[in-house]
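Student: Listed here are the chains, written in short residue letters.
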Amino acid sequence: MTSDFRAMYCSLLEEWLGFDSAAIIPGAAGFEKPRLVRA
Amino acid sequence: MSHECCNDFTRAQLLRGAAAEAGRGLPAIEPGMPTPAGTGLTRRKFLSRSAGVALAVYGASKIPLSAFDRGIAEAATPEKVLISIFFEGGIDAMSVLAPVGDPLYATLRPNIKQAGGAGPTFTEDTRLQWHPGATPLAELHAEGKVAAFPAIGYEHPDQSHFTSRHYYEIGELDIGQHAGWLGRYLDAVGDEENPLQGLSMDGSLSPMLATTQKPVAAIGSVDGYEMWSPVSDPIDTEMYKSLAKFGSLPSDSAALLQVRRATSQTEKVREELTGIGTIESPVAYPETEFAHKLAGLANYLESGLPIRVVTLNAAGGYDTHSDEAEDLGKYLTETCAGVLAFQRDLEARGLDDRVMIETCA
Chain A
1 MTSDFRAMYC
11 SLLEEWLGFD
21 SAAIIPGAAG
31 FEKPRLVRA
Chain B
1001 MSHECCNDFT
1011 RAQLLRGAAA
1021 EAGRGLPAIE
1031 PGMPTPAGTG
1041 LTRRKFLSRS
1051 AGVALAVYGA
1061 SKIPLSAFDR
1071 GIAEAATPEK
1081 VLISIFFEGG
1091 IDAMSVLAPV
1101 GDPLYATLRP
1111 NIKQAGGAGP
1121 TFTEDTRLQW
1131 HPGATPLAEL
1141 HAEGKVAAFP
1151 AIGYEHPDQS
1161 HFTSRHYYEI
1171 GELDIGQHAG
1181 WLGRYLDAVG
1191 DEENPLQGLS
1201 MDGSLSPMLA
1211 TTQKPVAAIG
1221 SVDGYEMWSP
1231 VSDPIDTEMY
1241 KSLAKFGSLP
1251 SDSAALLQVR
1261 RATSQTEKVR
1271 EELTGIGTIE
1281 SPVAYPETEF
1291 AHKLAGLANY
1301 LESGLPIRVV
1311 TLNAAGGYDT
1321 HSDEAEDLGK
1331 YLTETCAGVL
1341 AFQRDLEARG
1351 LDDRVMIETC
1361 A
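Protein sequence lines correspond, in order, to chains A and B.
No gaps in the numbering here: position 33 of the first sequence is 33 in the working numbering, and each next residue is one more.
Start counting at 1 in the second sequence, then tack on 1000, and there's your number in the working numbering.
Take the hints with a grain of salt, since some may be wrong.
Said to hold, decoys possible - Here are the simulated DSS-like pairs of lysine-lysine, each with C-alpha atoms no more than 30 Å apart in a straight line: (1) A:K33 <-> B:K1330; (2) B:K1145 <-> B:K1330; (3) B:K1080 <-> B:K1062; (4) B:K1145 <-> A:K33; (5) B:K1062 <-> B:K1045; (6) B:K1241 <-> B:K1145.
Bear in mind the hints are in silico, worked out from the structure with no lab data behind them.
Pulled out of the complex, with its shape left as it was, chain A reads as follows (with noise of 0.2 Å):
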């Protein structure tokens, strides 16, 4: 395993749809997040 699917959903919520992944992915403080969107 190279990423928690858990990470990706974070990267995803924040990066992409604006919102603190916080509130909706437990533990999400401890996940490496990607990047996944280029600024």
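For this one, chain A is given, so just place chain B on it according to the hints.
Tutor: Relative to chain A, chain B alone:
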């Protein structure tokens, strides 16, 4: 037949209540699978005039169906849309991006290995090669429009793809969670009366979208509606004109008058629904069911329907076992070709900056 019955038909509200459960409103599951998120949500069907589609609305049981049409019409068009495409059955990721450059690959996969050069090289790591069926994704990847994250999972899986699927749907490692991860997002930001905010396009609700408070919806078809007739144009056009005239004629007979009202109401509904849901795309799509859904979705997005998140299943199934060599190629090709056409459609309509597609298995 009473006049009120005609009015109800004219409003086109089909009240069929049910509670969602696996196999009825939610995807069917096999013995041993966790109870899908969304089980027990109320499920009601109605024809939305605002959207021109027949929806199955899940949740928000205290809101009358009549409020949803207003909710759809009044909701703001979201800035960003997230589409989740799920490869049912668990796709063999090592065949989507094959490590042809690893000397162990051919030894460990003698029967399903890809030949070097059979598909495009993965430019970020040239030891990897795209499956030929994923060539459209390789094209988008070369344009900087696709990011690939192989080997996504979680610690200590029990090797059951049923359990894993449930976890991916709920966004956590808790079998008892009743809401999908996208459903929790919609509960936080969604509208009370807009079921289109979470749209499942496979006829049943994706557990990913299961909410606890806000309404979400499933549709079975992106196509519009027309009344069936035994004849075609130009005869049926003249036939419907005659029906409209017949329906407007007066009568001294109460029974005949009721029949004429029913005819008039029916023609009115036919006229109102004609053209709604007609799919017009600026690009050519493959002639597949999966691509057709995406073509319809592009139409919905351009029309400004208040859709925030969408779920749909990839073409076919990916629990291929010994049929992988044939089935994976067929279904992956269909899915990726559809996604490419959809991306080009969004670009042509100027919508590509608003939409992100996430694929998972």
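Student: Decide, hint by hint, whether the structure agrees.
Tutor: Results of checking the hints against the structure:
Proposed proximity of A:K33 and B:K1330 is contradicted: the alpha carbons are some 33 Å apart, above 30 Å. Annotation: proposed proximity of B:K1145 to B:K1330 holds, straight-line Cα distance about 23 Å (limit 30 Å). For the proposed pair B:K1080 and B:K1062, the alpha carbon gap of about 28 Å is at most 30 Å, so the pair holds. Taking the CA atoms of B:K1145 and A:K33, the gap is about 19 Å. The hint holds against a cut of 30 Å.
The straight-line distance between the Cα atoms of B:K1062 and B:K1045 is roughly 15 Å, inside the 30 Å bound, and the hint therefore holds. This hinted pair does not check out: B:K1241 and B:K1145 have alpha carbons roughly 50 Å apart, beyond 30 Å.
In summary, the numbered hints that this structure violates are 1 and 6.
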